[in-house]
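Chemist: So the chains spell out like this:
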Amino acid sequence: GNSVTQMEGPVTLSEEAFLTINCTYTATGYPSLFWYVQYPGEGLQLLLKATKADDKGSNKGFEATYRKETTSFHLEKGSVQVSDSAVYFCALILDYGGSQGNLIFGKGTKLSVKP
Amino acid sequence: EAQVTQNPRYLITVTGKKLTVTCSQNMNHEYMSWYRQDPGLGLRQIYYSMNVEVTDKGDVPEGYKVSRKEKRNFPLILESPSPNQTSLYFCASSRWTSGASSRGTQYFGPGTRLLVL
Numbered sequence: 001g002n003s004v005t006q007m008e009g010p011v012t013l014s015e016e017a018f019l020t021i022n023c024t025y026t027a028t029g030y031p032s033l034f035w036y037v038q039y040p041g042e043g044l045q046l047l048l049k050a051t052k053a054d055d056k057g058s059n060k061g062f063e064a065t066y067r068k069e070t071t072s073f074h075l076e077k078g079s080v081q082v083s084d085s086a087v088y089f090c091a092l093i094l095d096y097g098g099s100q101g102n103l104i105f106g107k108g109t110k111l112s113v114k115p
Numbered sequence: 001e002a003q004v005t006q007n008p009r010y011l012i013t014v015t016g017k018k019l020t021v022t023c024s025q026n027m028n029h030e031y032m033s034w035y036r037q038d039p040g041l042g043l044r045q046i047y048y049s050m051n052v053e054v055t056d057k058g059d060v061p062e063g064y065k066v067s068r069k070e071k072r073n074f075p076l077i078l079e080s081p082s083p084n085q086t087s088l089y090f091c092a093s094s095r096w097t098s099g100a101s102s103r104g105t106q107y108f109g110p111g112t113r114l115l116v117l
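The listed protein sequences correspond, in order, to chains Y and X. Each residue of the first sequence is one higher than the last, beginning at 1 in this note's numbering. Each residue of the second sequence is one higher than the last, beginning at 1 in this note's numbering.
Treat the hints loosely; a few may be bogus.
To be verified - Per label pair, the in silico range of CB-to-CB distance:
| # | chain 1 | residue 1 | chain 2 | residue 2 | range |
| --- | --- | --- | --- | --- | --- |
| 1 | X | Leu-88 | Y | Gly-1 | 21 to 27 Å |
| 2 | Y | Phe-18 | X | Pro-83 | 41 to 47 Å |
| 3 | X | Pro-8 | Y | Gly-78 | 38 to 44 Å |
To be clear, the hints were calculated from the coordinates, so they are not data collected in a lab. Note that the coordinates shown come from a computational prediction; the quantities given were computed from them, not determined experimentally. Positions of the beta carbon are idealized from the N, C-alpha and C atoms, including for glycine.
Sequences are here, hints too, so could you generate the full structure?
Modeler: This is the structure we're talking about:
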């Protein structure tokens, strides 16, 4: 079936450190890929997305590249800030109707950034 | 301002007492969905709706009901809540007719934290 696997957290970094959160997927079709972020006490919000192989999504200093050959969509940021502390969710969606068209989420990775 | 609103934000209730969590969006989105978030389990979809009067079960529908009588509203109903429904609930909405990228761009409400005693 279709699924998303993220690295387990929590991830704890010092401010200005480099961040990588791994995400791999299994899909029967050709998915679009997403990263969502959930700040403490809030709902999820879209961070970035990519819709085809080799596309790079970017936002707020975060980047992720759609790698079809490795079925991956790893999230990176060169220099994290305390304000980046949140839970990050990788997700995919297939281009079908019905239940196949629902977002499939990974379990989330909690990031804590220390000053 | 484009937004999804949920009410109430916090609710404490007792087993068996029917409750409704409301969800409303102002973006004219076709698609709406309910999720629950539990530690270690991530987000799990309860029900979703692709348009007015069109609803379907997600991964964990047992104990929940929904209705979609208007495009903007998608209430979640717990007819007889039980302690295992204690959770953080999120409503979300998105376009449905514009391809996978739009469908996957979901707008989430702020969440409803429910405690069933």
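Chemist: Take the hints in turn and mark each one as holding or not.
Modeler: Going through the hints against the structure:
{"no.": "1", "hint": "X/Leu-88 <-> Y/Gly-1: 21 to 27 Å", "in the structure": "holds, 25 Å"}
{"no.": "2", "hint": "Y/Phe-18 <-> X/Pro-83: 41 to 47 Å", "in the structure": "holds, 43 Å"}
{"no.": "3", "hint": "X/Pro-8 <-> Y/Gly-78: 38 to 44 Å", "in the structure": "holds, 41 Å"}
Of the numbered hints stated above, none is contradicted by the structure.
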